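Q: This is what each chain is made of:
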Amino acid sequence: MLDNAPWAPLAASALTIVLILIIAWVLRRVAHRVITKVVNRAATGGSLTSRFRKGIAVDSIDALLNERRRQRAETMGSVLKSVASVVILGTAALTVLDRLTIPIAPLLTSVGILGVAVGFGAQELVKDFIAGMFMLLEDQYGVGDVIDAGAAVGTVEAVTLRITRLRDADGRVWYVRNGTISRVGNESQGWSRAYVDVPVPYDADLVSVRAVLEHLGEELWADTEFREAKIVETPQVFGVEQLSDSSLVFRVSVKTVPAAQAEVSRELRLRIKTALDEAGIPLVAG
Amino acid sequence: MLDNAPWAPLAASALTIVLILIIAWVLRRVAHRVITKVVNRAATGGSLTSRFRKGIAVDSIDALLNERRRQRAETMGSVLKSVASVVILGTAALTVLDRLTIPIAPLLTSVGILGVAVGFGAQELVKDFIAGMFMLLEDQYGVGDVIDAGAAVGTVEAVTLRITRLRDADGRVWYVRNGTISRVGNESQGWSRAYVDVPVPYDADLVSVRAVLEHLGEELWADTEFREAKIVETPQVFGVEQLSDSSLVFRVSVKTVPAAQAEVSRELRLRIKTALDEAGIPLVAG
Amino acid sequence: MLDNAPWAPLAASALTIVLILIIAWVLRRVAHRVITKVVNRAATGGSLTSRFRKGIAVDSIDALLNERRRQRAETMGSVLKSVASVVILGTAALTVLDRLTIPIAPLLTSVGILGVAVGFGAQELVKDFIAGMFMLLEDQYGVGDVIDAGAAVGTVEAVTLRITRLRDADGRVWYVRNGTISRVGNESQGWSRAYVDVPVPYDADLVSVRAVLEHLGEELWADTEFREAKIVETPQVFGVEQLSDSSLVFRVSVKTVPAAQAEVSRELRLRIKTALDEAGIPLVAG
Amino acid sequence: MLDNAPWAPLAASALTIVLILIIAWVLRRVAHRVITKVVNRAATGGSLTSRFRKGIAVDSIDALLNERRRQRAETMGSVLKSVASVVILGTAALTVLDRLTIPIAPLLTSVGILGVAVGFGAQELVKDFIAGMFMLLEDQYGVGDVIDAGAAVGTVEAVTLRITRLRDADGRVWYVRNGTISRVGNESQGWSRAYVDVPVPYDADLVSVRAVLEHLGEELWADTEFREAKIVETPQVFGVEQLSDSSLVFRVSVKTVPAAQAEVSRELRLRIKTALDEAGIPLVAG
Amino acid sequence: MLDNAPWAPLAASALTIVLILIIAWVLRRVAHRVITKVVNRAATGGSLTSRFRKGIAVDSIDALLNERRRQRAETMGSVLKSVASVVILGTAALTVLDRLTIPIAPLLTSVGILGVAVGFGAQELVKDFIAGMFMLLEDQYGVGDVIDAGAAVGTVEAVTLRITRLRDADGRVWYVRNGTISRVGNESQGWSRAYVDVPVPYDADLVSVRAVLEHLGEELWADTEFREAKIVETPQVFGVEQLSDSSLVFRVSVKTVPAAQAEVSRELRLRIKTALDEAGIPLVAG
Amino acid sequence: MLDNAPWAPLAASALTIVLILIIAWVLRRVAHRVITKVVNRAATGGSLTSRFRKGIAVDSIDALLNERRRQRAETMGSVLKSVASVVILGTAALTVLDRLTIPIAPLLTSVGILGVAVGFGAQELVKDFIAGMFMLLEDQYGVGDVIDAGAAVGTVEAVTLRITRLRDADGRVWYVRNGTISRVGNESQGWSRAYVDVPVPYDADLVSVRAVLEHLGEELWADTEFREAKIVETPQVFGVEQLSDSSLVFRVSVKTVPAAQAEVSRELRLRIKTALDEAGIPLVAG
Amino acid sequence: MLDNAPWAPLAASALTIVLILIIAWVLRRVAHRVITKVVNRAATGGSLTSRFRKGIAVDSIDALLNERRRQRAETMGSVLKSVASVVILGTAALTVLDRLTIPIAPLLTSVGILGVAVGFGAQELVKDFIAGMFMLLEDQYGVGDVIDAGAAVGTVEAVTLRITRLRDADGRVWYVRNGTISRVGNESQGWSRAYVDVPVPYDADLVSVRAVLEHLGEELWADTEFREAKIVETPQVFGVEQLSDSSLVFRVSVKTVPAAQAEVSRELRLRIKTALDEAGIPLVAG
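Chains as they are written, first to last, in full-length UniProt numbering: chain G, 1 to 286; chain V, 1 to 286; chain R, 1 to 286; chain B, 1 to 286; chain D, 1 to 286; chain L, 1 to 286; chain U, 1 to 286.
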């Protein structure tokens, strides 16, 4: 039958091609929609961290989190949509070429050789993107957080799927590839803790040292400049951390608002020094 | 025969397609059921740890463990079900396309190239999931446990198949990828042990030192605030751990309830100092 | 011929399928039997360690070793049987599908893509299982042994094909993946050795120091609390290990029963201190 | 039909070949245009860093950044164009050979074997190029910046897709492969921070020390040689950083223009020494 | 022809199958013979070490080496024979199945997928075996040698193709995988060397110190308890190894029989101390 | 048509073969020419370093650089030509075999298996060659340069595509594989910098110390033995590098000709000591 | 035609097989000849090191180098010849089997699966051989040289393609795999350099110290026991290497014959001590 109607294959081909293109276009739209929905749902309510943060959230933090959520959804969505488009349109193109009886083997060969060559080297890139994707999905950190990314410690200035940009305490700007971050420590979630070790002489009166330190903790908690604004609970005096022939080390610990531990411990040190001076208890080499 | 009945292939195809879809649907349901059963059995009774914990379990711990078991079963099941669905439905789709004589080679090529490209980079992801799966299966740790995950040490706040979220003593929140955890140390299973090293002068009376320390141990065990609540056996005085020209080091050891070793050893240090002061035995640089 | 007898292919197919299933069932049974036999033989008499241990084995140790042997055979056998079943039944299923002229290419494609994707990530898992298999086969350690697994040191609490569970001296429970253990040190096989270094002053009488230490060694060996129960030979006095302007270091060495070296060396230190005190020889900083 | 007209296949082939060559030529031009556009857009406005730098940009910096932008676009474009040309022309060549019924299998075999052999070893090369590409795209650093590339720290002298050339403080020229740089610290973006630790005696008057240091900070800020030219805000006196029996450590911190921290801290040290000398406050071992 | 004689293919197949099985059986025997011969030759005369050892070999050592040679040949041969059998019989089986027109593709698919999955994980195993094979072939060490295997140092207790079992000085038994041993240090081949550093005061008479030490070396060589039995040449006095304001360090060196260096140097230290005491030359801190 | 003329295929084959050989020969010549040109251009003008060096180049350096350029072009060209020849001639050979209807599958199989086996192990080799190729192309270093190659530091004695041969300060000759060099530090490009730290007592007169050091710098610059020949600018006195209770550290810095920093700093130290002695300012422990 | 002459294919096959075997035999001989020639040329004149050594070569060294050259050529040739034989004969065997219409697919499958399984694990082995091959080709070291192979330092006792056997100063024999040696330091090529640091008091007369040291250097050079036999140039006195409040460090440097630096520096230290004693200049702690 086909041999008798020379136009038949062409017509059939044309029809098939149109059909393929329509299907591809529809599929692509559907894929994009699905991605948008999934990503929005993932960004909005699903992540562990956002729920965790709500506990201490005030209105402005909520607004900030909403903005971060929107950005995350957008960043993730754009890459997934690109991938979906490339796969669907690439498949459609190859099918059309095949239908036109144009040999696609040479093309596949060229692309394949290039693909393998690049593939080996591009692993790291894909690793970075996957790491970035999940990092966003799990909302591990955002702009403004103080994080420890292993390779660098500092304040996050920008987050993309491939890299995280930090600025450290010396003003150095760090570009860290997401795939090289095997664990992240975020200092800006919930609370931080400040420790001050107080080495007193071996023959100091343990009871009065403890009393001085505990009184000082209550003072700090009473201080409106610190309470709630910088610390979130009364400082605690732990027992004897270390024991030697020359000194006994007391430890004072206090929960602070996120990333305020350095400032609080500096203030604590000053006050402890003054209070012990007043009580006539000297400090010794720790 | 086929050439004579032009509708025959179509009819055959249609029939085959319906058959394929039905089989796929049935298979998927069966797979899900099997997964549910297997996962539940694995989570309920099979894990080593849960059996181990029963030894010291009280009612509330049992309830907690039941809840953890349920969550683990759910987490593991959801991923396995997704994988099963994707494989079964993907195979069905390809078979249908093949039956419709639509060429699937171009599609496979596109997906294949993408698959290889992503595959190299996604190894780490798969590794994380497999590690997480087995970690849950073996119940290595759960929310609330204090663990040493190598990259970070702290209290577990959340466990997913990909990451474990910890909070360390400084309040820093750590996100650790499960695949990077080659060994886990769990401090919250059964008991912990506190050690206090007591360096006494070279010419101290060994017998009386030992007596003081042993008496102190019995006192602690008699103290209702510690017995059972914080320590689980009478503190033991080990012999001479170290021998030099200036000091002899005695070691006091005590089994505590999980993760209470820091608190107990602080109390011990304080009491030893007081007791030795009373007995007139000085401490020296260890 | 085939075209004339339409039922022929069907009948042939049905026959072939039945044949295939029977063969598969037979093969599977044979494979399981072979595995059981091989594993039992491997666990019973072949391993180096069990033969080594016999040297010091008493009845109770023999019973323990028999139990360990049985468990090892079971653990190894179960996995090998699962693998054999999957291969034989999978092959049979594919052959049947093929005979039914159902296209298996799409199925293979789906499974293949998934297989490669997972394969990369699952290497570690397979590595763990292979390592665990050989570890069991060679009986490197068992429950109750004190081992150094690199990542953690402690008493083995459980051994599976994937992980080894240890409890260290602080009560921390460690889960170590078998594949990450490149070398294992087992302290519970045969004997251990305790060392005590004795630093005496530069002008001490070498002959009398040696005499004191040797006499003390004989006393310990004569002490029924230690002989056989804790130590397995008379303590030996090695010569001068170190030479400086302030001290000469003698070393006392003694073979103990497995894992008793800490206890024995503590006792030794105490006795050496007392004996040298009596002999009027002071100890100096080592 | 084809069998009857012997010239037909040749004519058809000739036609096809011409068509292929035309399409290849068109495609190549289109690809180059697209690359030029995309790269220009990426280099011009999209990068995070350039937007960030604008904040402190003066005219000359703008000119510099424009030049850098142009160079980046060119460097990236040239490689992408080469790749596009090779793929398109290679495919065209293979298709032509195929149409001429010249067997291409042997050629593919030779190239394939060579490709695999080289591919394994060339991974690092591809990695370097991909890293360099993204580094340029994200404008992580440029000629003249002081960077910490891990393997070496110094001033960037040249940037290519494969390597970055630095000169360190000792005059040593470093060639660092881009792929080996897992994180980059750029000291020339925005600002740097200088720290000077001031250890004062334990019994020093804390209030007057702080007063001296604060007064000194204001003086420096008032000094036109430093204000704006070298420092960008008034130096700040942090509280007590460290606390021991011999000293109290105050920390002075000041934001400087990029990479001026060494110079500023040297000047600060000199001034602090002089000021404390005048105030009669000695420095102690920190 | 084949279509006319229905029994022909069957007969031909049967014949071919018999032929295949005979060839396989013959090949296997030939392969085993060749392996036995090659391995024996490799173990007997070819290895570098055995020739080296002959230099100091006495009869009993020769017997020992012969036994070691026989064991090595056996260990290596058994694995190679297994591999040869599996390849030859596997090929024969597949060829027979193929001749019987049973489809072998599904079988190959199952085995292939399993093979790839396991292959990745089993690399380490193959690496261990290859390393063990060459280690035996080159006779790097044997039971009773004291070796440094990197991960552990001790006396070899057992050698298999996969692991080496050592016992260290503390009695700990180490299982080291052969593939993880990148370099081995064998202390039991030929000779060892003992060093003793002798720090004398800055103003000591260099000539008389040297004389004392040289005289002592000759005495040791004259001592029949040491000569030949423990040391293999007269101890040598090296010049001034180190030069400072407080001391001059002389070094005494002596070649001992393998692994006797610790014992010899202990004796040397004792004698040097005594000799210098007699000569009135004090030792100082080195 | 072909079936009727039995000689036709042979004739066609012969013709094709001759054609193939001619094309191969032509292609090979063209490839060699192109390689020669490209390599020459790359070596002559394109590299960053050669342009950089011109800045301080005198005639003899120019001659040296020309020689180095010629050698580099030759080294790179020879390998590329070998690769091109192998690919072109290999393809031609396979095509000829194919045309002669000789089965090439077995050959490809043998070569393929060998290729894969070797390929894995040869990665390092290819990596070395690629690294060497780019190193030459970018003219990172040449014979006579003093470089820091990570694994070894010394003077380059020879450069091949696979290794770099260095001789270090102790006369040790190092063979470093190019692929293991991730970053190179070249001390012989442009200039080096010598630093001398001068610790003066805490109460020293800062102004007069600075004056002494600056005067000394000018003297050195005036010294014709040093100016231009060894140093390339007046030595600079940096401010106070370090601040403690016992000393103030001044730093003197001077740009020298490449690799002369050790010699210059030795001379500087001697002069500073003498000058400060004369000025009555003592040095203290830094 | 073929169908009509039943014996034709057989005859043709027989002929082809004979032809194949003859070609294989010829090819193998040619390959061996080529390898012999290439390897001889590579070993004789081409290597960098041998040319370098000629500079200081005496007759006996030339003989030694000739012997080493011959051995190297043999070692390299034997492996290359084996590889060539295996490839040529394997290809011939497969081609013959193919001609005999024996199905070779099952054989290839078996060998292929085994090949992949072993290939992964054997990478290290191939790496070792390739490293050894190039090491020999470049004559990096030979028996009798003192080398630093990273994992071990000592005198080379044997070199094979897979391992290098060293004996270190303590008499320990090291087996180092060639592939694990990323860089080699050879101390036996050309010359070595001995350094002695001479710390003199801060107030010592620099001129007279220098004079004493320089005089001593000339004496050593005049000493026929050292000149040419042990040192190859007059010892040089470098300037002040280090500068502190307590000492000035002079450095004396001397080029020695290869590997004689320890012996020469010991002698130098003794002479410097004596000479400074005579000159009344004390040494201080460096």
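Simulated from the structure, these hints should not be mistaken for lab results.
Computed from a predicted structure; not experimentally measured.
Treat the hints with care, since some could be wrong.
[What the hints assert, rightly or not] With the C-beta cut set under 10 Å, the calculated list includes, among others, these residues of chain V facing chain G:
| id | residue |
| --- | --- |
| 1 | R41 |
| 2 | Q123 |
| 3 | A152 |
| 4 | E263 |
| 5 | E267 |
| 6 | D277 |
| 7 | A279 |
Positions of the beta carbon are idealized from the N, C-alpha and C atoms, including for glycine.
Q: Which earlier hints turn out false for this structure, listed by number in ascending order?
A: Hint check: 1, 7 fail, others pass.
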